[in-house]
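S.K.: Read off the chains here:
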Amino acid sequence: MMQALREHPSLRVAALMAPGAFWLLLFFLAPLTIMGVISFLSRDAQGFPTPPYTLENYLTIVRDIRFAPSLSFEGGLHVRLFEGLYLDLLWRSIWLSLLSTLLTLLLAFPVALFMAQLPRRYRNLALFAVMIPFWTNFLVRTYALQFMLRANGPINTLLRALGLPPLELIFTPTAVMIGLVYGNLPFMILPLYTSLEKFDWTMMEAAHDLGADTWRAFTRVMLPLISPGLVAGSILTFVPAIGSYITVDLMGGGRTNLIGYSIAQQFSASVNWPFGSALALVMMVIVTIAAVLYFRSARGTQRVLI
Amino acid sequence: MAEYAVELRDVTKVFGDVVAVDHVSMAVRPGEFFAMLGPSGCGKTTSLRMIAGFERPTSGEIYIDGKPMGNTPPFRRNVNTVFQSYALFPHLTVEQNISFGLEMKGVPRDEIKRRVREVLELVRLPQMANRYPRQMSGGQQQRVALARALVNRPKVLLLDEPLGALDAKLRKEMQIELKNLQREVGITFIFVTHDQEEALTMSDRIAVFSKGRVLQIGTPLEIYERPANRFVADFIGETNFLDGVVKEVNGEMAVIEVNGRRFVGRAGEGVRPGVRASLSVRPEKLQLLDQPSGSPNCYEVTVSSIAYVGSDTRVIVRLGDQMIDVWEQNSISTLDPNYFFGPGEQAWLSFPPENGLILVD
Ligand SMILES: Nc1ncnc2c1ncn2[C@@H]1O[C@H](COP(=O)(O)OP(=O)(O)OP(=O)(O)O)[C@@H](O)[C@H]1O
Ligand SMILES: [Mg+2]
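Protein chains in written order, with our numbering: chain U, 391 to 696; chain Y, 44 to 404.
Honestly, I wouldn't trust all of these hints.
[Unchecked claim] Some chain Y residues near chain U, calculated using beta-carbon distances under 7 Å:
hint: 1; residue: Asn123
hint: 2; residue: Phe126
hint: 3; residue: Lys148
[Stated by the list, open to error] If you want the footprint, here are the derived chain Y segments under chain U, 3+ residues with CB under 8 Å:
hint: 4; segment: 112-118
hint: 5; segment: 127-133
[What the hints assert, rightly or not] Far from chain U by the CB rule (all over 12 Å, computed), these chain Y residues:
hint: 6; residue: Arg92
hint: 7; residue: Glu104
hint: 8; residue: Val228
hint: 9; residue: Asp277
hint: 10; residue: Thr356
Calculated from the structure, these hints are not laboratory results. Note that the structure is a prediction, hence the values are computed from the model and not measured. Here a beta-carbon is modelled for each residue, glycine too, at the ideal position from N, C-alpha and C.
Make a model of the complete structure from these sequences and hints.
M.R.: Here it is in structure tokens:
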């Protein structure tokens, strides 16, 4: 056995991978398979999965999509070819999640940059500070945020004290966005920080030396060199955003719908497990394809860096 | 064209409570190979970075091609830097690295292509255009860094210990190559090094730095033969110091008394009768004889040790309680072991007055 491990590097790799593979199998592949099976089942009177096998759940999603070309100028130009409840939902979820990723990135970048430029002994302290929120349960934190944004919460109290009109924040799409950005910020800061900490600032001096102003040095040299952190952070932010449930529920109050929230509804309020499973799998496939495409587009620079 | 390619006038740079560069003035002529030489931490890099524009002088002014630089940012200065760590962009190929500066200036595509090809020939790397920096050896990366700077045809090229990361043999080769390259392109080079041999072999002129100050600026010959003070004499090459008091000064020459023995040598700056001073005399400018010579600088010494190092024989002799290095060139074959004095033997140490230099501390 040991002899074989020594002689065959591929066996050695397999042996090292075994424990990880086991856990993946148990906690990822198994539930996924179960979900896959359920998505092809019918529902009984209470809404729980039961034979016979059917394609109905997927057909519902497909049938929902109608060819309906339209053009509207409401809030900018909108050209659409198809419409449908779930298609619209998915589309809107993708855009909202992308927007939340962008906002998270814009907020996280200065923080990560600041942390990376701190003297070495303060950096761990800053990292620690970024991770402190994880000590509190996410649900509790979201309730706290909800409280902050309430009609009579601290923010509006402060605004009123300053003689300003109060804001209607809670249970709006803005509140959902705030919740998403708040919840995902550390997942953007940490990979960005890791890339920025490794960034060699003489690269910027070299770029300036060769005639690049600050903007061009940033876009041509810094961005490509920190792209691993940028890509990792974006994916770690986008994927939870599109699947988010608690944030949408507590911050949006059921008035802003995202695909993840809608799926959860199928398992709770609507009690339609088979349809919920089908919806979840379709979303997963689409998000995975999007993520792979994104990785591909960033790989040109990645290859050089790894 | 301005009289000087680069000029520093009374430039000082302070970091917190460290005075990195202390009232430095120097002027570099167009086309010159100018070295800034000094021990670690003496302010060479800081001076270079101020010329490039990465640091601003705390006081004083820097002129490039006759124009005061003030707050001009690095990307508007007509100088380019070869960084000690090369600082090649790892995400770009050699060709893209070299094109970078030209692209920033908006040079047309086909001209960029042509100039990149030319400069790659110049640094003898024509086959490497599509490689990434990490796929190249240190010496090759060094040439790419050089090409990336040279392709912009700057007024002045700034080089911060560009050969520091190379092994001794490659370093020697690159010294010659770099010097030839500089002659070929005719660009002013300002070259930072802490290796005095490198500075002596490559430069037209050298500025010797110590603790943020410039101690002497001169040709290699001037710096070696006529060091301005004890620090320069000590830092450049090897020398023996005999400490004493100046007795007389007669024009160019002076007499110094060291432990009751008198020596005659050339008088350095500030040498007056009565001041404490050192006689500096280089080991290769001393002679060991078996009988007294006619020189006024001739005293009997005891041979302490002998080492044969191929080109030279290095002898250490004792004069009173002072140890003195004497290097005799092995100009004729000296296979006969009795040719030299043996340890413990008496000999006469002698040198002509022109070979000694009397310096105040
Ligand atoms: N950014 C900085 N902040 C604080 N002190 C600095 C900074 N840069 C340089 N110094 C200090 O200034 C002095 C001169 O440094 P400099 O780098 O110019 O030396 P150098 O002659 O290039 O030395 P070396 O041969 O080791 O490269 C040193 O004492 C250094 O510690
Ligand atoms: Mg230095």
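S.K.: Are the hints correct? Go through all of them and say.
M.R.: Here is what the structure says about each hint:
no. : hint    : in the structure
1   : Asn123  : holds, 6 Å
2   : Phe126  : holds, 6 Å
3   : Lys148  : holds, 6 Å
4   : 112-118 : holds (count 3)
5   : 127-133 : holds (count 5)
6   : Arg92   : violated, 9 Å
7   : Glu104  : holds, 21 Å
8   : Val228  : holds, 17 Å
9   : Asp277  : holds, 33 Å
10  : Thr356  : holds, 47 Å
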